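> Below are the chains, spelled out letter by letter.
There are 2 protein chains.
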Amino acid sequence: MDATKPYHHGDLREQLLLAGEQALAEMPLEQVSLREIARRAGVSHAAPKHHFASMGDLLGEIAARGFQKFVSALDEAAKHTTTQSPEGRLMAMGWAYLRFSEKHRAVYSLMFGKMENMAMTPSMVQASLAAWTQLENAVAAITGRNHAPNGALHVWSSVHGLSMLKAERRLPPHLMLHAAEENTLRMMIAGLKEL
Amino acid sequence: MDATKPYHHGDLREQLLLAGEQALAEMPLEQVSLREIARRAGVSHAAPKHHFASMGDLLGEIAARGFQKFVSALDEAAKHTTTQSPEGRLMAMGWAYLRFSEKHRAVYSLMFGKMENMAMTPSMVQASLAAWTQLENAVAAITGRNHAPNGALHVWSSVHGLSMLKAERRLPPHLMLHAAEENTLRMMIAGLKEL
DNA sequence: GTTTTTATGTTTACAACGTAAAGATGGAGG
DNA sequence: CCTCCATCTTTACGTTGTAAACATAAAAAC
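Sequences listed follow chains A and B, in order.
The first sequence begins at 1 in this note's numbering and counts up by one.
The second sequence begins at 1 in this note's numbering and counts up by one.
Don't take each hint at face value.
Note: identical chains are not told apart, hence a pair may lie in one copy or across any two.
Subject to a maximum C-alpha distance of 30 Å in a straight line, what follows is the list of computed DSBU-like cross-link-like pairs (lysine-lysine) [unchecked claim]:
hint, residue 1, residue 2
1, Lys49, Lys79
2, Lys49, Lys193
3, Lys79, Lys69
4, Lys69, Lys166
For the record, the hints were derived by calculation from the structure and aren't laboratory data.
Model, not experiment: these values are computed from the prediction.
Please construct the entire structure, taking both the sequences and the accompanying hints into account.
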């Protein structure tokens, strides 16, 4: 029997996280409120207090879970690609990165700090660090070194910047998006040779 | 005599913009409210309604002015650099970009969509397009073509991503920041040769 | 098996927010 | 002088996050 099993509701903590993720999938981040999440979970607006100290804590946990899915998605992409060159793997991860940021727009925004009052929970720190390590390893496989923090930063900056510009619709009109994305990923990998 | 001169206050519209910019310089974006700006301007919280239809309109105008200062800052940097090679000019602009995003953190966040309810005013569209054109020209000077939209996207993605990661403190610990920034800018420019 | 404690909910309350509408004010134009 | 209307203030409403007081039921103690 689970020692962490709650008393009344059954398992409200998990339900709140699911309701929050569902809300983030259905409405823009700015509309997602603590009360809205509680409403979706079918509890009073003050109920979450017993499971999350603040709204930032709840969102922080959702962001942490987002990072875990993020790492999984990139892992999957790296495994399932046909080209087995390190560059090909990074390219596949780059595309997976763009897909993830588009598919989970609101959660991605959360993960990268659009909501300032989001708590930097330990699970969040750990999950985001795992993502970083994953990326650094993929880069290190290209450069042939053990560590490649600067290369990883270069890669992350490029793909994150592209994701954000796209998500926030800050791209100029008349841009052939798919081709431009492909080019950006290619140039990003080419730049690694200058490391 | 100025036809747009207001009646009572003297020039409240401009004062509200200044108060807003001041607030954004002194407190995190999330704390800046319409009422806070009105307070700083010394008027009631409903006074802005006669000059800006909504808070998004006010912030949109501040963001537009931010883009203008942004373009000026990059222009200045490009002019005052000693190295007159196109690559050197872009490098100088890259550093100016990073400096601007750090110095005007909150306004920069506004410019790039951290506040969803910010209106996309005509002046905002025009100002951001000017910034894009400026960047594309700097890139075109390197590649030798007339237009370089894909190269400009590559550059913008890289520097914007780096700025955001830094601003949102999503960089891994133990990273030598200045050197890492230098490397990212260098790799970004190197990638342009692959265009 | 009864009582007490504690975890988990609800209700109520408060200060802040953006927005809207109604009332006050004072310069501009007839 | 008088009217009009742009501008500002006051008041009001519904929303938010948070906190405190209260209710309830499961667990723990005896």
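> Against the earlier hints, flag every one the structure doesn't satisfy and list their numbers going up.
The structure conflicts with hints 1, 2, although it agrees with all the remaining ones.
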